[in-house]
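Novice: Letter by letter, the chains look like this.
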Amino acid sequence: MIDNNQLLRFTTAGSVDDGKSTLIGRLLYDSKSIFEDQLASIENTSKKKGHDGVDLALFTDGLRDEREQGITIDVAYRYFTTPKRKFIIADTPGHIQYTRNMVTGASTANVATILIDARHGVIEQTKRHAFIASLLQIPHIIVCVNKMDLVDFSEDVFNNIVSEFEEISSKLLVKDVRFIPMSALLGDNVVNKSENMPWYQGAPMLHTLETMHISSDINKVDARFPVQTVIRPQRDGFIDYRGYAGRVASGILRTGDEVTVMPSGFTSKIKSINLHDKELDEAYAPMSVSITLEDDIDISRGDMIVRSNNKPEPSQDVEVMLCWLNNSPAKPRAKYTIKHTSNDQKAMIKEVVYKYDINTLDRNNEDSNLAMNDIAKVKIRTTKPLMIDAYRENRTTGSIILVDDTTNETVAAGMIV
Amino acid sequence: MSKYYLNYLDELESEAIFVLREVWAQFENPVILFSGGKDSILVTHLAKKAFYPAKIPFPLMHVDTGHNFPETIEFRDNIIKELGAQLIVGSVQESIDEGRVAEEKGKNATRNALQITTLLDAIEANKIDCAIGGGRRDEEKARAKERFFSHRDDFGQWDPKNQRPELWNIFNGKHFEGEHFRAFPISNWTEMDVWNYIKRENIAIPSLYFAHEREVVWRQESWIPNSEFLVLEDHEEIVTKKIRFRTLGDITITGGVESDADTLEKIAAEVAGMRNTERGNRSDDKRSESAMEDRKRQGYF
Numbered sequence: 001m002i003d004n005n006q007l008l009r010f011t012t013a014g015s016v017d018d019g020k021s022t023l024i025g026r027l028l029y030d031s032k033s034i035f036e037d038q039l040a041s042i043e044n045t046s047k048k049k050g051h052d053g054v055d056l057a058l059f060t061d062g063l064r065d066e067r068e069q070g071i072t073i074d075v076a077y078r079y080f081t082t083p084k085r086k087f088i089i090a091d092t093p094g095h096i097q098y099t100r101n102m103v104t105g106a107s108t109a110n111v112a113t114i115l116i117d118a119r120h121g122v123i124e125q126t127k128r129h130a131f132i133a134s135l136l137q138i139p140h141i142i143v144c145v146n147k148m149d150l151v152d153f154s155e156d157v158f159n160n161i162v163s164e165f166e167e168i169s170s171k172l173l174v175k176d177v178r179f180i181p182m183s184a185l186l187g188d189n190v191v192n193k194s195e196n197m198p199w200y201q202g203a204p205m206l207h208t209l210e211t212m213h214i215s216s217d218i219n220k221v222d223a224r225f226p227v228q229t230v231i232r233p234q235r236d237g238f239i240d241y242r243g244y245a246g247r248v249a250s251g252i253l254r255t256g257d258e259v260t261v262m263p264s265g266f267t268s269k270i271k272s273i274n275l276h277d278k279e280l281d282e283a284y285a286p287m288s289v290s291i292t293l294e295d296d297i298d299i300s301r302g303d304m305i306v307r308s309n310n311k312p313e314p315s316q317d318v319e320v321m322l323c324w325l326n327n328s329p330a331k332p333r334a335k336y337t338i339k340h341t342s343n344d345q346k347a348m349i350k351e352v353v354y355k356y357d358i359n360t361l362d363r364n365n366e367d368s369n370l371a372m373n374d375i376a377k378v379k380i381r382t383t384k385p386l387m388i389d390a391y392r393e394n395r396t397t398g399s400i401i402l403v404d405d406t407t408n409e410t411v412a413a414g415m416i417v
Numbered sequence: 001m002s003k004y005y006l007n008y009l010d011e012l013e014s015e016a017i018f019v020l021r022e023v024w025a026q027f028e029n030p031v032i033l034f035s036g037g038k039d040s041i042l043v044t045h046l047a048k049k050a051f052y053p054a055k056i057p058f059p060l061m062h063v064d065t066g067h068n069f070p071e072t073i074e075f076r077d078n079i080i081k082e083l084g085a086q087l088i089v090g091s092v093q094e095s096i097d098e099g100r101v102a103e104e105k106g107k108n109a110t111r112n113a114l115q116i117t118t119l120l121d122a123i124e125a126n127k128i129d130c131a132i133g134g135g136r137r138d139e140e141k142a143r144a145k146e147r148f149f150s151h152r153d154d155f156g157q158w159d160p161k162n163q164r165p166e167l168w169n170i171f172n173g174k175h176f177e178g179e180h181f182r183a184f185p186i187s188n189w190t191e192m193d194v195w196n197y198i199k200r201e202n203i204a205i206p207s208l209y210f211a212h213e214r215e216v217v218w219r220q221e222s223w224i225p226n227s228e229f230l231v232l233e234d235h236e237e238i239v240t241k242k243i244r245f246r247t248l249g250d251i252t253i254t255g256g257v258e259s260d261a262d263t264l265e266k267i268a269a270e271v272a273g274m275r276n277t278e279r280g281n282r283s284d285d286k287r288s289e290s291a292m293e294d295r296k297r298q299g300y301f
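These protein sequences, in sequence, are chains A and B. Residue 297 in the numbering used here sits at position 297 of the first sequence, with consecutive numbering throughout. Residue 210 in the numbering used here sits at position 210 of the second sequence, with consecutive numbering throughout.
Any given hint could be a false lead.
Derived list of chain B stretches under chain A, where covered just means 3 residues or more per stretch with a C-beta under 8 Å from a C-beta of chain A [as the list claims (entries may be wrong)]: (1) 7-16; (2) 21-31; (3) 42-55; (4) 134-148; (5) 174-183; (6) 189-196; (7) 270-276.
What follows is a set of in silico ranges between Cβ atoms, one per label pair, in the way DEER data are often shown [unchecked claim]: (8) B/Gln157 with A/Thr406: 17 to 25 Å; (9) A/Arg333 with B/Gln157: 31 to 39 Å; (10) B/Lys127 with A/Thr406: 19 to 27 Å.
Keep in mind that the hints were calculated from the coordinates and are not lab data. For every residue, glycine included, the Cβ atom is placed at its ideal position computed from N, Cα and C.
When you get a sec, could you build the whole thing from the sequences and use the hints?
Specialist: What follows is the structure, encoded as structure tokens:
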């Protein structure tokens with residue numbers, strides 16, 4: 001049993017042409033994560049379609065429309081476990097018209113894998129994927145230079161692509177980038193080390209994913225505890241119990257800590273931390289616990305418990321990088337519900353500061369329309385203060401979504417600047 | 001390495017508890033869909049943890065096809081008593097008697113698809129705005145596309161092509177009157193994770209999951225249990241085998257596997273070595289490539 005193993009979430013962006021589905025299929029197949037009935041069903045379909053051998057790409061088949069069109073539209077989640085880690089793949093489409101799905105898949109990822117076709121090198125799509133990874137502050141990037149078999153496993157081709165990519169990534173906020181030359185079709189450097197590329201000294205993809213250091217991906221400095229709900233059992237033995245239930249967003253909370261409740265500003269000390277019937281000395285992100293305080297304070301959903309010596313900034317004017325997710329464009333000066341941790345308020349987009357051209361990554365100051373897949377820096381005004389941190393320091397207290405009250409749909413996602 | 005990280009089971013548990021608390025905070029009248037299978041038992045266990053020391057603050061709802069394993073019903077009634085929870089039963093037999101649905105005909109007839117109407121009727125009758133299910137994304141390709149908070153229109157239908165984007169851990173449960181949500185707290189768990197966790201927490205599950213002697217018949221690549229609903233074909237023969245079930249559905253469609261695994265340890269070890277998916281033994285999924293997607297669109301679990 002793999003008791004102390006961590007969970008790693010990674011995202012793959014790409015289209016069928018990049019060999020993304022083949023790569024995922026290869027990863028699952030060579031790590032023996034595919035079951036016999038799945039394999040039999042795919043062998044069957046491969047034969048029907050007239051393919052030679054098993055088409056590994058069929059493993060990532062999804063909804064009926066996607067099967068018919070041979071594309072990924074929505075994010076699909078896939079799972080596999082090795083003796084070292086459990087993995088969740090957020091498998092997303094790669095085309096520009098699905099930017100919003102890429103953003104969705106990237107929002108929870110520890111690692112982004114970016115596929116490059118070795119024959120074509122860095123193209124616009126590569127830039128876009130790198131941009132999204134940096135925008136969503138994915139801590140690690142693995143650049144998979146795929147289809148090396150079609151360029152004679154050439155080291156020069158690989159090195160050129162590495163320098164091309166580094167040219168873009170130097171302009172983006174990405175910390176940890178690794179490059180792996182591979183052939184997903186033949187299995188080179190996916191799970192097993194390639195015999196065709198002895199010049200590559202690094203590890204294959206799976207080993208890289210298994211050994212990457214991810215414990216530091218979560219902010220452990222700023223203790224933030226958004227209250228989801230208040231637990232009041234009203235039953236024998238617990239008549240006076242008032243537990244504040246939530247998931248630690250970041251940092252560490254300990255019993256006895258001096259805490260401040262935002263936005264009210266009341267202070268108290270942590271009396272107990274509970275997980276079910278266990279009493280804990282401390283809780284850290286991303287643990288779900290219940291907290292009780294020494295003093296009776298009015299606390300409800302939407303409030304945030306923080307350590308008194310390290311508080312987020314209460315603010316009604318928020319600058320965010322916003323990705324528009326909905327078919328209907330943003331309405332100027334319309335009111336939306338803004339959701340930030342467990343706090344819901346009304347908000348208005350006051351100004352579009354600039355918009356990105358997602359192909360060139362140039363900023364456009366003239367165009368202030370926000371349509372589906374657009375990414376723009378905007379200023380938002382809220383009716384009551386939010387307790388915010390910058391997204392680059394805190395992915396949980398630095399993120400928001402906007403909901404259109406007339407449709408109830410989630411129309412935008414934002415990263416607080 | 002710093003000690004401040006969770007192992008994967010603790011992280012999955014924490015995520016599920018977070019989702020359950022969001023459901024409670026965002027909806028007026030949620031229920032847990034309880035089938036008596038291991039996944040809904042797991043969700044119930046997680047709900048117990050999420051709201052302790054309070055009781056689970058919402059009822060359990062069972063869609064009863066009438067084609068149950070007797071063991072499942074006994075287990076259900078015990079757990080309700082133990083939790084002090086309220087039970088809501090939606091009865092497929094009543095839906096048939098009232099003419100809301102018609103029994104399927106033919107040799108592979110089941111009540112599986114009939115549950116959809118009973119489920120949606122029960123949701124409407126009880127004014128339920130969120131039904132919490134034990135669906136997991138690893139079970140099936142249509143389920144791989146599910147959100148944690150999944151919107152259903154006022155006909156109870158799922159529109160997989162037009163789902164609300166779900167980013168970070170911010171869930172949007174806003175809906176209009178008559179619409180409802182399905183919530184899936186254990187979306188990210190695999191079958192193996194479920195068994196490892198059940199073993200770790202020593203969660204009680206129905207005896208059907210453990211190897212036992214049973215009268216069965218070999219049909220569609222698995223051992224279908226003998227019951228009052230079974231209609232034998234000419235070439236078929238009832239035999240007694242030591243089997244266990246990997247999933248529990250209706251007694252008419254749930255196939256068992258031959259097994260000696262009679263403890264949680266042995267089950268977990270057996271599942272780890274399994275070379276077929278768990279739904280491979282469910283004839284409801286074998287009907288077509290998109291059997292699950294089609295049912296889910298209509299409002300299935």
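Novice: Identify every previously stated hint that the structure contradicts and give their numbers, smallest first.
Specialist: Violated hints: none at all, because every hint is consistent with the structure.
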